[in-house]
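Visitor: Listed here are the chains, written in short residue letters.
Protein chains: 2
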Amino acid sequence: MALVKVLGSAPSPYVNRVQIALNLKSVNYEFLQEQFGSKSELLLKSNPVHKRIPVLIHGEKSICESLIIVQYIDEVWIDGPSILPSDPYDRATARFWAAYFDDKWLPTIVVLRDAVGEEAKAAALEKVIEGLVPLEDAFTKCSKGKDFFGGDTIGYLDIAFGSFLRWISAIEVMANVKLFDEIKTPKLFGWAKMFGSNAAVKDVIPKTELLVEQIKKFAARANAQ
Amino acid sequence: MALVKVLGSAPSPYVNRVQIALNLKSVNYEFLQEQFGSKSELLLKSNPVHKRIPVLIHGEKSICESLIIVQYIDEVWIDGPSILPSDPYDRATARFWAAYFDDKWLPTIVVLRDAVGEEAKAAALEKVIEGLVPLEDAFTKCSKGKDFFGGDTIGYLDIAFGSFLRWISAIEVMANVKLFDEIKTPKLFGWAKMFGSNAAVKDVIPKTELLVEQIKKFAARANAQ
Chain A
238 MALVKVLGSA PSPYVNRVQI ALNLKSVNYE FLQEQFGSKS ELLLKSNPVH KRIPVLIHGE
298 KSICESLIIV QYIDEVWIDG PSILPSDPYD RATARFWAAY FDDKWLPTIV VLRDAVGEEA
358 KAAALEKVIE GLVPLEDAFT KCSKGKDFFG GDTIGYLDIA FGSFLRWISA IEVMANVKLF
418 DEIKTPKLFG WAKMFGSNAA VKDVIPKTEL LVEQIKKFAA RANAQ
Chain B
238 MALVKVLGSA PSPYVNRVQI ALNLKSVNYE FLQEQFGSKS ELLLKSNPVH KRIPVLIHGE
298 KSICESLIIV QYIDEVWIDG PSILPSDPYD RATARFWAAY FDDKWLPTIV VLRDAVGEEA
358 KAAALEKVIE GLVPLEDAFT KCSKGKDFFG GDTIGYLDIA FGSFLRWISA IEVMANVKLF
418 DEIKTPKLFG WAKMFGSNAA VKDVIPKTEL LVEQIKKFAA RANAQ
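Here the protein sequences line up with chains A and B, keeping their order.
238 is the number of the first residue of the first sequence in this note's numbering; add one for each residue after it.
238 is the number of the first residue of the second sequence in this note's numbering; add one for each residue after it.
Hints listed in this document are in silico derivations from the structure and should not be mistaken for laboratory results.
Note that the structure is a prediction, hence the values are computed from the model and not measured.
Any given hint could be a false lead.
Which copy? The list can't say, so a pair holds if one copy fits it or any two copies do.
Derived DMTMM-like pairs: lysine to aspartate or glutamate, alpha-carbon spacing no greater than 25 Å straight-line [unchecked claim]:
1. LYS288 <-> GLU271
2. LYS453 <-> GLU312
3. LYS415 <-> ASP389
4. LYS262 <-> GLU312
5. LYS282 <-> GLU373
6. LYS383 <-> GLU297
7. LYS454 <-> GLU363
8. LYS341 <-> GLU409
9. LYS288 <-> ASP339
10. LYS415 <-> GLU450
11. LYS298 <-> GLU373
12. LYS358 <-> GLU312
13. LYS378 <-> GLU278
14. LYS341 <-> GLU278
15. LYS242 <-> GLU355
16. LYS341 <-> GLU355
17. LYS415 <-> GLU312
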């Protein structure tokens with residue numbers, strides 16, 4: 238029986254965050270697949286408050302909420318590469334931008350996804366792209382000329398943001414828009430390529446085409462109900 | 238010139254979190270009062286993304302977002318008492334409940350504050366009290382029989398939750414309801430007394446009566462506009 242288990246669902250970016258963190262630390266884990274639309278006994282027992290994935294099960298302990306799990310992994314497996322920067326100010330900066338991404342930027346993507354009509358779509362798209370500009374600046378400051386927000390290696394903010402890259406690509410395809418741009422956000426454009434091809438990441442995050450197909454399938458199922 | 242400055246406004250619980258953390262670490266700081274309804278140049282410069290208080294100014298560095306600042310304080314002034322627990326699982330637990338408080342419980346208080354009519358008020362009140370039950374359980378687990386969520390001393394979750402105690406009291410007074418209850422949530426009831434009378438806290442968090450007065454004044458001003 239594996240000591241470490243991840244309760245999740247393959248195409249969830251929140252679950253992917255946990256998987257990437259474990260891969261970076263070279264921690265083997267068992268993946269327990271939750272079925273879409275139902276909640277297992279184990280999920281209800283291990284995350285009774287939110288009843289949602291991901292949950293990291295480490296021995297007898299259950300840890301919930303993706304970014305809290307990532308920090309837990311960083312603090313438990315200290316022999317692997319550090320996920321949070323060592324300097325307190327750099328740590329605060331990484332936490333700040335990860336919270337910005339989750340609380341400020343992601344909601345704009347949801348508005349874009351649900352926008353109906355050309356005008357609403359254009360207005361929503363503008364907000365999404367506007368919201369990327371501070372992240373482009375953050376990349377310059379955090380990466381210090383290196384490949385990742387975390388510097389030479391993938392860090393906390395790379396995981397928080399990068400786990401959504403394929404979802405962003407899927408929205409680009411489905412809404413026929415361009416979010417990452419070589420001209421407006423050249424650094425994020427370059428970073429996305431580096432992140433997506435990293436060994437700890439590439440087999441974890443879903444393929445864009447597969448995601449587009451799945452989103453369409455879910456939408457069709459929802460519409461049929 | 239003080240090395241540490243807090244950009245804030247006296248009755249803000251988010252600002253109080255930062256003040257309590259600094260007091261616990263015995264760090265002297267200068268308090269720079271932001272005026273209600275306007276934003277200083279310094280605020281706009283030091284928190285250009287959210288343009289909101291609190292901001293901790295530490296030398297040349299600005300740190301934003303209350304709980305990120307509290308973690309920063311804990312990581313910089315390591316000689317003072319620890320704010321986050323030392324064990325990774327206990328740290329994850331404290332972070333989990335602090336996020337629960339901010340993201341799940343606080344919104345229910347807002348619904349109660351804005352509820353119109355007896356039926357809506359009763360329904361909102363039920364949600365608020367329901368949401369306290371897991372925090373009562375969390376207290377039992379986190380405190381391990383001691384006075385605070387953090388054990389013998391005030392910790393991260395004490396600060397996150399406790400900074401709102403007087404606001405909770407003010408809502409109790411204004412809505413004529415009882416949220417903390419000796420029967421339903423006896424541990425939180427006891428904890429609130431201990432927290433509010435602690436030396437690092439008592440001169441920081443506002444008096445309930447003052448708060449009630451201020452909330453009424455703001456509401457009258459808003460209604461007059």
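Visitor: All hints, please: hold or fail.
Guide: Structure-based check of each hint:
For a Cα distance limit of 25 Å, the shortest separation of LYS288 from GLU271 inside one copy, 12 Å, qualifies, whereas the shortest one across copies, 40 Å, does not. In this homomeric assembly, LYS453 and GLU312 never come within 25 Å of each other (Cα to Cα): the closest approach is 39 Å inside a single copy and 46 Å across copies. Taking identical chains as interchangeable, the C-alpha atoms of LYS415 and ASP389 are never at most 25 Å apart, the minima being 28 Å within one chain and 53 Å between chains. Within a single copy, LYS262 and GLU312 get their C-alpha atoms as close as 11 Å, and across copies as close as 23 Å, so both meet the 25 Å cut-off.
For the identical chains of this complex, LYS282 and GLU373 are inter-copy neighbours only, at 18 Å across copies versus 40 Å inside a copy, given an alpha-carbon limit of 25 Å. In this assembly of identical chains, LYS383 and GLU297 lie within 25 Å of each other by CA distance solely across copies; the values are 24 Å between and 39 Å within a copy. When the C-alpha separation of LYS454 and GLU363 is checked against a cutoff of 25 Å, the pair qualifies neither within a copy, at 28 Å, nor between copies, at 38 Å. In the homo-oligomer, the alpha carbons of LYS341 and GLU409 lie at most 25 Å apart inside one protomer (19 Å), although the nearest pairing across protomers, at 31 Å, exceeds that limit.
In the homo-oligomer, the alpha carbons of LYS288 and ASP339 lie at most 25 Å apart both inside one protomer (19 Å) and across protomers (18 Å), since each shortest distance falls under that limit. For a Cα distance limit of 25 Å, the shortest separation of LYS415 from GLU450 inside one copy, 19 Å, qualifies, whereas the shortest one across copies, 51 Å, does not. Taking the closest pair of Cα atoms, LYS298 and GLU373 come within 25 Å of each other only across two copies (20 Å); inside a single copy the shortest separation is 37 Å, beyond that limit. Taking CA atoms no more than 25 Å apart as the test, LYS358 paired with GLU312 passes in neither setting, with 42 Å inside one copy and 43 Å between copies.
Only between protomers do LYS378 and GLU278 lie at most 25 Å apart by alpha-carbon distance; the minimum there is 22 Å, versus 44 Å within a single protomer. With identical chains, the CA atoms of LYS341 and GLU278 are at most 25 Å apart between copies only, with a shortest distance of 23 Å across copies and 33 Å within one. Taking the shortest alpha-carbon separations for LYS242 and GLU355, neither the intra-copy value of 45 Å nor the inter-copy value of 47 Å comes in at or below 25 Å. For a Cα distance limit of 25 Å, the shortest separation of LYS341 from GLU355 inside one copy, 23 Å, qualifies, whereas the shortest one across copies, 35 Å, does not.
Taking the shortest Cα distances, LYS415 and GLU312 never come within 25 Å of each other, neither inside one copy (37 Å) nor across copies (40 Å).
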